[in-house]
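K.L.:
Protein sequences, first through last, are from chains R and X. Each residue of the first sequence is one higher than the last, beginning at 1 in the working numbering. Each residue of the second sequence is one higher than the last, beginning at 205 in the working numbering.
Please note that a few of the clues may not be correct.
Claimed, not checked - Derived BS3-like pairs (lysine-lysine); straight-line CA-CA distance at most 25 Å:
hint, chain 1, residue 1, chain 2, residue 2
1, R, K127, R, K116
2, X, K397, R, K105
3, R, K108, X, K271
4, R, K46, R, K26
5, R, K65, X, K317
6, R, K105, X, K286
Said to hold, decoys possible - Label pairs and their in silico Cβ distance ranges:
hint, chain 1, residue 1, chain 2, residue 2, range
7, R, N60, X, Q459, 31 to 37 Å
8, X, E331, R, N155, 42 to 48 Å
9, X, E331, R, M87, 49 to 55 Å
10, X, E420, R, M87, 39 to 45 Å
11, R, A185, X, A256, 40 to 46 Å
12, X, T443, R, D159, 29 to 35 Å
13, R, N60, X, M632, 27 to 33 Å
14, X, N233, R, N104, 40 to 46 Å
15, X, N275, R, F80, 19 to 25 Å
16, X, D344, R, I187, 18 to 24 Å
17, R, D159, X, Q673, 32 to 38 Å
Since the hints were made in silico from the structure, they are not lab data. Each residue gets a CB set at the ideal place from its N, CA and C atoms; glycine is no exception.
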Amino acid sequence: MKSIINLIVCIALLSSIGAYSQSQQKIEMKINEVGNAKLNISMTMKAQEWQIWNSNYGNNPSALKRDIERSMPAYFLDDFKLEKDDMNRSFNLSLNAYGVCEINKRGKWIVDTEQKDAQLTELSETKYMLVSSPPEYGGNLQQTYIIELPEDAKNIKTDKNAFGKTVFEFDMDAPSSGFNFIRWAGILLFIVGGGWASKNMLDK
Amino acid sequence: MKKLAIPLVIGLIGLVLIALSFMRSKQVNVDDIDISIDKASFIMPAAHRVYANPDAMDGKYYLFKAKITNNTSETLEDVTVKYRIPNYVDWTELTVSGEMFPGQTLVVPCYPKLKNDITEKTTESVEKTEIEISWDGAEDDDIIEEDFTFKLTNRNEYVYTGIKSEEISSWADMYDNDALIACFVTPNDPIVKYYTQNLQEKLLKGEAASVTQKPEDAVRFLAGIYEATRKSHMVYSGTKGIPKSTEDVQSIVQQVRLPREVITGNTGLCIELSVLYASVLSAAGIDPIVYMVPGHAYPGFRMNGQYYAIEATGIGGEGLGNIMTAEEAFNQGQKQLNEFIQKSQAGDPRYTIVDIHNVNAQGVTSMDLKDNDFMRKKVDNIVASWSGNSLVQPNSPRDPKIRVPEPGIRTNNNALSFSIPNGWQTMMHPLPQMPIVTAQVIAPDQMTTVTIYDIAVSNAQQGMATINQYFSSYGMQVDYQINGNTLAGQTYSANGNFSWIGKVLRRQGGIRIVAVGTQDYMYNQNSGIINQVYNSIK
């Protein structure tokens, strides 16, 4: 199972601009109560980087969408929105990713980080930060992930999967399944009938 | 009693409704479970190991992926997804999700483990995949069944792209499957191994390029493969390569004869000869490269960070004429390689390389092939033909017929030269914000670099202090040692540690520092090429 972390690699820079520059990319991932995620990726670039990115993706957002989809075969992605700010050489991309979490046989929710010994910083009870520098870019790209687990997540802990990669593991109750009219009508009738019968017996 | 009858009936109805509500909750309306299938249009048997590996090429080669959304109001337990491909894959469980809450989506990709005998498939067919989705407590009627068809090509078919025609916008899209050519490179094929062993023993009378790691030894071996094909009167010949449509995908589909078929058939197209060379080079422990250019492909290898090439189709054929010698074929290959480097440096996307061992490491591995006595006998006949005429005299290191090129860099008005390995890119004044950097040469791995600093100071100590000053404004720090005119050090930055060695050269108006190095963790691996460049600095 591939993780969401790999998603961003294909929108990173395709060329290194000198050995001593490093670009920063921020990725916010907010997971909802049914295990889907809303992603926001933002980045500001240097002028030359901006030109390269624009020629590859910025001027052809459908290629960006396709490459992201192809690099993330483990998920279904939709609702891509790209906002470019040419004046400041930055972009913001948002999208939905379905099936980011799964529930294992023990009933635990699992989110895979796809990183060995990921150095996580706890920002709040349900919010974590992960800094990564993909080796594919020779250390020229630093990615900061903010991973926000659902508000109802409990007993959050990090563990390792079978491949030694860091995973989040937590408990979460099923969302309420709505108002059950038949059940509540039955309870009401049972109380009314029981009360009425009791009253009649006492009157006797 | 009458007074109690009505309220008791009402209470009883209430109880029945409560019971019904619980019974109904366990009944799932199957129509409320949404299924969406994203499938591959075709599967190439040659790449069966790639399709079976979720990690190969980041998992982009899957048979299908299913999106299952639970739109019922109930939690489904132990949701199981299984599939089969009749005659190829028996019912196989893909996943079991412990629970699936209302509104939750499960995404299940499928990487089919096709049997090894798939590589014996010589005809194309359309196959069906059947999928079953069930959960704890599901009745037979509830089990969701889906199916779809896909094309299973024959083992020799190589489809250039799997991208839908409506989405193709560039050359790279049209040749998106370039990496899969590595599946046709079969160094572990017993027939290829046997051919390679004979080549090493009977034609070259010994070969140790993978041990010595000397480019001249590897070039000798490359020329040996060429001589072997020429001596056996192997000829250049075409095979079918036609555009085909498979559902939404339109692509050229090339029939690629396997290396064993090229050897025993004694004929090959450019891509087939490239794949044969790559197989033999790989079997001999050398890193093979296939250079892909518009309308053509040619083989070569990489050693100590340098790239070499040969024009394998120089064998031509008596019917075609113009049969090149090994020397001519190598020179032609090197000429094409230089053009390749120029074009790719200029950003021409049509010039790409397939680094076979590199893509092998990404999970693109060769197909399984069985030994074959008949083919071994054919190899024996071919080997006999090598010594039938005049004995092949491969290049000896003492009397090289093929000169291994040593490209260098020379600055116009300053006396600096050093060897730049083939394929490295030179950038003059790459960092405007750091004017002391005159040039930088970067290896194809983008990690190993040679950096030339021209600094208007009188000694190395002052020069390094100037460099340190520039670096500190970028959050970097340099630790170094000076010994006469040699330097060694490490640069620390947020990108990691960079280890390097360098030389200090006097020049008019100051000094020149030439530093060559790479990321700390790659230093040992690249030390051969680093030392080679360092020793060539004059």
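K.L.:
If a hint holds in the structure, say so; if it does not, say that too.
P.N.:
Hint check results:
| no. | hint | result |
| --- | --- | --- |
| 1 | R:K127 with R:K116 | 19 Å, holds |
| 2 | X:K397 with R:K105 | 46 Å, violated |
| 3 | R:K108 with X:K271 | 20 Å, holds |
| 4 | R:K46 with R:K26 | 15 Å, holds |
| 5 | R:K65 with X:K317 | 29 Å, violated |
| 6 | R:K105 with X:K286 | 16 Å, holds |
| 7 | R:N60 with X:Q459: 31 to 37 Å | 33 Å, holds |
| 8 | X:E331 with R:N155: 42 to 48 Å | 45 Å, holds |
| 9 | X:E331 with R:M87: 49 to 55 Å | 53 Å, holds |
| 10 | X:E420 with R:M87: 39 to 45 Å | 56 Å, violated |
| 11 | R:A185 with X:A256: 40 to 46 Å | 54 Å, violated |
| 12 | X:T443 with R:D159: 29 to 35 Å | 52 Å, violated |
| 13 | R:N60 with X:M632: 27 to 33 Å | 31 Å, holds |
| 14 | X:N233 with R:N104: 40 to 46 Å | 26 Å, violated |
| 15 | X:N275 with R:F80: 19 to 25 Å | 23 Å, holds |
| 16 | X:D344 with R:I187: 18 to 24 Å | 34 Å, violated |
| 17 | R:D159 with X:Q673: 32 to 38 Å | 47 Å, violated |
The structure does not agree with the numbered hints 2, 5, 10, 11, 12, 14, 16, 17 stated previously, though it agrees with the rest.
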